[in-house]
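Chemist: Chain by chain, the residues run as shown.
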Amino acid sequence: MIKETRLLLKNITYDDQKCLEKYIERGGFRGFRKVLELSPDQVIEHVKVSGLRGRGGAGFPTGLKWSFVPKNSGKPVYVVCNADESEPGTFKDRILMERDPFLLIEGILIACYALGSKLAFIYIRGEYQYAYKVLLDAIKEANQSGYLGDNILGSGVSVNITIHRGAGAYICGEETALLNSLEGKKGYPRIKPPFPAVKGLYGCPTVINNVETLCALPVIFDMGAEEYAKLGTEKSKGTKLFSVSGIVCKPGVYEVELGVDLIGFINDVCGGIIENVTPKIVIPGGSSVPALTWSECEGVKLDYESLQNAGTMLGSGGFMVFGDNVSALDLCLNFAKFYAHESCGQCTPCREGAKWLVDILQKLKNKTAYPGDLERIQAICSGIAGHTICPFGDALVTPVISLLKKFPDDFSIDYGVTSVSP
Amino acid sequence: MMELLSRPLSVEEKQRLNEYFLRISSQYPEKQSLAMPLLFACQELLGFVSKEAIEFVAEKSELSPAHVLELATFYTMFHLKPVGKYHIQVCRTASCFFCGGQELIEFIKGFVGKDQLVPSDDGLFSWELVECIGSCGTAPAVLINDRLFECVTVEALKNLLERIKRERPELKLSVFRDDFSADFLDYPFSRILKND
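Here the protein sequences line up with chains A and B, keeping their order. Using the working numbering, count along the first sequence one by one with no gaps and you end on 466. Using the working numbering, count along the second sequence one by one with no gaps and you end on 218.
In short, the hints are calculated from the structure, not lab data. Take these hints with a grain of salt, some might be off.
Unchecked claim - In silico DSS-like pairs for lysine-lysine, Cα to Cα no more than 27 Å straight-line: (1) K194(B) to K229(A); (2) K66(A) to K229(A); (3) K230(A) to K66(A); (4) K73(B) to K230(A); (5) K229(A) to K36(B); (6) K184(A) to K194(B); (7) K136(B) to K399(A); (8) K136(B) to K177(A); (9) K194(B) to K162(A); (10) K294(A) to K180(B); (11) K345(A) to K229(A); (12) K230(A) to K180(B); (13) K36(B) to K103(B); (14) K66(A) to K54(A); (15) K180(B) to K229(A); (16) K136(B) to K229(A); (17) K407(A) to K450(A); (18) K230(A) to K187(B); (19) K230(A) to K119(A).
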């Protein structure tokens, strides 16, 4: 029987968790107070020990990412929280921000202390107006109570947080596009290197972390990095939030130890599959990861390595389950439209290719496709993947290729005999 | 060059924008970062981003008007023409689409009776298909102005829109005000975590 392990979601059900007083009463800022007893380098070391990996999608080790920031560059260091959650199927960050805003603020404080940053930004997607307002109120309250601003809790540490709204561009979740947007530019991803850790916001060293990653920090320092590292698997340590949607009985945000069984997770935690629907497609990490057929899910564990071995990825934890009432072609077309709409337009293969894919998939749907169109889809996908500045191009071909390969019947171009003339 | 609608800023509007500018300029090391917040502020006052608004934002954020126009066209939440008093954003991405979203989209289309982003004849409503709005577990979802409505059925939306027509609530969050307007919270939130 798989159960939730609520660390980040520990206090998520309290409606008054948005009050600083209640946050502190329930253990808030204990992690940060422990951090204040350590040197910044020790903090980075602890984060490495915890095994925490980026929870936004890429899964890069957080401590390692932090250690790339040059010491004494003479420039200010910025911490940027990526709250531009827009990966289809993902809504965990919204819940965290709306329900437990101080957890994020404490996480940002810890990151700022470790990196010597005095100014942090939260880049929140424009559509999350309620979360934005909740965070604004929380920042204001923290400032008034000495948990933000100058000389926090008499420690000599000073941190300010600026919250910045996006305006409806998925691409700004890509970290360098986010930085451009924050600088008042179009959200065009930058060529790397230089990496943001060296040359990021306003040309200064910058660390960009996802909301969930930052929210894990207070938990890690409160319970101890070694204790946290005991959770999960050898290489995927700790807990992960999954945003579950689709044909399960209880969709929602769940937190489980990394490495739990996928089918067990659906049955024990998400209430199982709804009645009279046969599960068909599982997408475990948001639309940008390869889809699994239901039979492929057998025996798969929910952690970075197991999912990779199963031919997919953990991604953002946007866990979508679709039944046999959904055609893989319809799903593929839906995703293709998403990517065609959200392509920033900077690289030709992505900008043009995404539209071509929509055109061909739409023709397949209308039963007006030509012989050779399936091969054409493959050719366009190989023309996009690996030929763009940012991973968006790869992300857009991933669902197309995996759905096409795994559900060929749904993409059949054989329309049968439509007219018979002797 | 695309044609921009003219709508000059009144003295009072300029004063409010200047106050807002002063309040937020200390939060950013560089002026150019103020362009997007200022565009949002202008849009809130005017209902859309006018030619004069672009010029104002350009001056304040020390960018060229062409650069600011580029922002206003790149980011889909900025509107260069007025939308309805209640702008309905309906999610068309997978989890919503396959969980009742299709019927919802058809209903909204018929209800507003106009193409996307074009206000209804009484100016009250407009609609737009948007990508994932982070409410997949409570699909299908729509945003009406700044308010998210989850687990929406055609029936529930019909009633909601009738109520909005009757009561004319604000359903907006203001950059000029700190508090929520009363009606924003008055409209029922659906369950946020279904598992509780």
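Chemist: For every hint, state whether the structure bears it out.
Modeler: Going through the hints against the structure:
With a C-alpha separation of about 26 Å, the suggested pair K194(B) and K229(A) falls inside the 27 Å cut-off, and the hint holds. Proximity of K66(A) to K229(A) is assessed by CA-CA distance (about 39 Å); at most 27 Å being required, the pair is judged violated. With a CA separation close to 40 Å, the supplied pair K230(A) and K66(A) exceeds the 27 Å bound. A threshold of 27 Å between alpha carbons decides the hint, and for K73(B) with K230(A) the separation of about 19 Å falls inside it, so the pair holds.
Taking the CA atoms of K229(A) and K36(B), the gap is about 24 Å. The hint holds against a cut of 27 Å. The straight-line distance between the Cα atoms of K184(A) and K194(B) is roughly 20 Å, inside the 27 Å bound, and the hint therefore holds. Distance check on the hinted pair: K136(B) and K399(A) sit about 25 Å apart at the alpha-carbon level, within 27 Å; holds. At most 27 Å may separate the alpha-carbon atoms for a hinted pair to count; K136(B) and K177(A) exceed this at roughly 32 Å.
Under the criterion of a C-alpha separation no larger than 27 Å, the hint pairing K194(B) with K162(A) is inconsistent with the structure, at around 32 Å. Our distance criterion of 27 Å between C-alpha atoms is met by K294(A) and K180(B), whose separation comes to about 26 Å. Distance check on the hinted pair: K345(A) and K229(A) sit about 41 Å apart at the alpha-carbon level, beyond 27 Å; violated. For the given pair, K230(A) sits about 37 Å from K180(B) by alpha-carbon distance, which is inconsistent with the 27 Å threshold.
A threshold of 27 Å between alpha carbons decides the hint, and for K36(B) with K103(B) the separation of about 20 Å falls inside it, so the pair holds. Restraint check: the Cα-Cα separation between K66(A) and K54(A) comes to about 13 Å, which is no more than 27 Å; the hinted pair holds. For a cut-off of 27 Å, the pair hint linking K180(B) to K229(A) is broken: about 39 Å separates their Cα positions. As the CA atoms of K136(B) and K229(A) are separated by approximately 32 Å, the hinted pair breaks the 27 Å bound.
At roughly 20 Å between alpha-carbon atoms, K407(A) and K450(A) fall within 27 Å of each other, so this suggested pair holds. With a C-alpha separation of about 37 Å, the suggested pair K230(A) and K187(B) falls outside the 27 Å cut-off, and the hint is violated. Restraint check: the Cα-Cα separation between K230(A) and K119(A) comes to about 25 Å, which is no more than 27 Å; the hinted pair holds.
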